[in-house]
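> Residue strings, one per chain:
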Amino acid sequence: MRMRDAGPALLAPGLLFAGLGFAALLAPFMTLAANRIVAGEGVAVWRVADPVVTLPGIVALAAGLGLGLLTAWPRVRIAGAAMGLAGLVWLLSQGATVLLDGAGQYARVSPGAGFWCLLVILALLLADALSQLSPGPLARALLLAAVVGTLALLLQSGALSQLSVMREYASRQDAFGDASLRHLGLAFGSLAVAAAIGLPLGVLCHRRETLRRALLPVLSFLQTIPSLAMFGIMIPLLGWVADTVPGAQSVGIAGIGFAPAFLALVLYSLLPVVANMLAGLQSAPPAVIEAARGMGMTDRQRLFRVELPLGLSVILAGVRIVLVQNIGLAVIAGLIGGGGFGTFVFQGLNQTATDLILLGALPTVALALSAAIVMDILVELTRPIPERTP
Amino acid sequence: MLLRAALVALLGALVLRPGWFVWAFAPFAPEGGPVIYERTTLLSLSLSHLGLVVLASGAATLVAVTLAILVTRPAGAAFRPLSRTITNVGQTFPPVAVLALAVPALGFGAGPTLVALFLYGLLPIFENAITGLSTLPPATMEAARGIGLNRWQRLLRVELPLAMPVILTGIRLSVVIALGTATIGSTVAAKTLGEVIIAGLLTNNTAYVLQGGLIVGLFAVLIYDALVQLETRLSRRLGTV
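Same order as they appear, the protein sequences are chains A and B. Position 365 (the first sequence) corresponds to 365 in my numbering; numbering is contiguous. Position 179 (the second sequence) corresponds to 179 in my numbering; numbering is contiguous.
These aren't lab readings, by the way, just hints derived from the structure by calculation. Fair warning: this is a prediction, and the values are worked out from it, not measured in the lab. Glycine included, every Cβ here is placed at the ideal spot set by N, Cα and C. Keep in mind that a hint or two might mislead.
Facing chain B, according to a computed beta carbon distance under 7 Å, are these residues of chain A, among others [as the list claims (entries may be wrong)]: (1) 237; (2) 321; (3) 324; (4) 328; (5) 345; (6) 354.
Quick list of the computed label-pair ranges, beta carbon to beta carbon [said to hold, decoys possible]: (7) B:62 <-> A:134: 49 to 57 Å; (8) B:160 <-> A:72: 47 to 55 Å; (9) B:233 <-> A:38: 34 to 42 Å.
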């Protein structure tokens, strides 16, 4: 509880949040546009609806930012941030209905710069307060479940269905479902294949110095190749395979689409998998290995009963890197017809339809964040000697 | 070494004398279609691509190292947990998503690409600079204080030089990501080598895709390699390796 003793100096982040937060309140909270393509006009937070409606929301926001100053009580700060977020959602859902009223059939309302800034500030405030409490893995898992559950309820409830992003979603529900499955298939499928190849390679590298010296530099160079170039280079390569290897086309290998994207992701995943497998196996203390040898364990027994269990958290840390990286890179698949959320992002960029971009980008970000949190929890749970970072 | 020289030569030829490679790319071009990208010279695309990366990474280095210095001073210590949260969370944001989200805020063109590259580039440099500046050997710091160096002198003559290899690693990570993200920047109308790849994808011209992909890939690999060399040389001079 070092933080509590430090006293007033720790007020600084709270002041920063409050200052930025109140400044963001002055920025346009929502935008109203005549249709989905044109740029919208900003509407200030106190003008999105009747004062009777906006006042409680604004008060909740201000109170949330104010409570954030109470550095000594992280729980109060968390409650404040939650209250602020609730106020934010309230203003957004009320504002959407009021602004659209009588604005015409094609009119669209979207969250504006002020909303996004306040969202980021309150989320950071929440994260900052949470890190003060340093919750254990179980608490973090429950918290994530609660956040995801709340978000799902909110989206289900229809409170936000007037927003432009949700309108884009409503007109593409089936495509969105397909894209989600494709995206997950790309990210997790390539991880599975990379693990199937990379984990044994890691074991081999652990045993053979020469292989390690030859393989790791090659893999790290692969990692540096820009994603678009890598995806592009895969196209002629797989096109050639599809044309020359009999039966390749029948299993879905083609120059463009899913196959080149998948292969590119697998190649990107190999370095973190192999390098972390190696580091995990090497993390077993020499004395433990000596003891295992002394007990008469064979190489295989030592691997499965000693080295792997002790290195599991490091290996999972590699999986975390791969998963977060692949969820992001799978967006590029949208450019080569590989599907996934990238389809919406690049369609949106082509049509300059901001909300279509958001429809692709927001789920990607949410997926990457959740994957990172879940994997962090797993890494911590599998750590041989649990350590607490302050 | 020989391989390195060969790759540099190949890259130079690909950029400056694309005509030499017609025979290599022709089999990939569509029947009767153009083989070599000629809408803009590859040299100008390369220069503006690298320019974006240098500008963004340079600004990111400056800002990130300054912030890291502030946060590692006693007065800035209050922001340490917060800055750790921001870097951890920020790095889980996919670079493509950052780029895509910059467009609604800033419009199309080189602007959003530059901002996305800059913002994303901050994180690895900041993280590494903090690590470098907060894991200095205590004995050395004590000695620096002992010989009467003041805080500025300690920072400039002891702390920063000692942390430099770690900071450079961060810069390398950041540059590699920036090179890749800049490539995608051509989808938001920034002038980069990604343009060649995208043009190839749009017109089903694999020759373009391959040409752009090779040039970008070679740039990335060579720049990465050069920065690794620089790091090893620096570490060796500092006697830490």
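> All hints are to be evaluated individually against the structure, with a verdict given for each.
Quick rundown of the hints versus the structure:
no. : hint                       : verdict
1   : 237                        : 9 Å, violated
2   : 321                        : 10 Å, violated
3   : 324                        : 5 Å, holds
4   : 328                        : 2 Å, holds
5   : 345                        : 5 Å, holds
6   : 354                        : 4 Å, holds
7   : B:62 <-> A:134: 49 to 57 Å : 32 Å, violated
8   : B:160 <-> A:72: 47 to 55 Å : 35 Å, violated
9   : B:233 <-> A:38: 34 to 42 Å : 54 Å, violated
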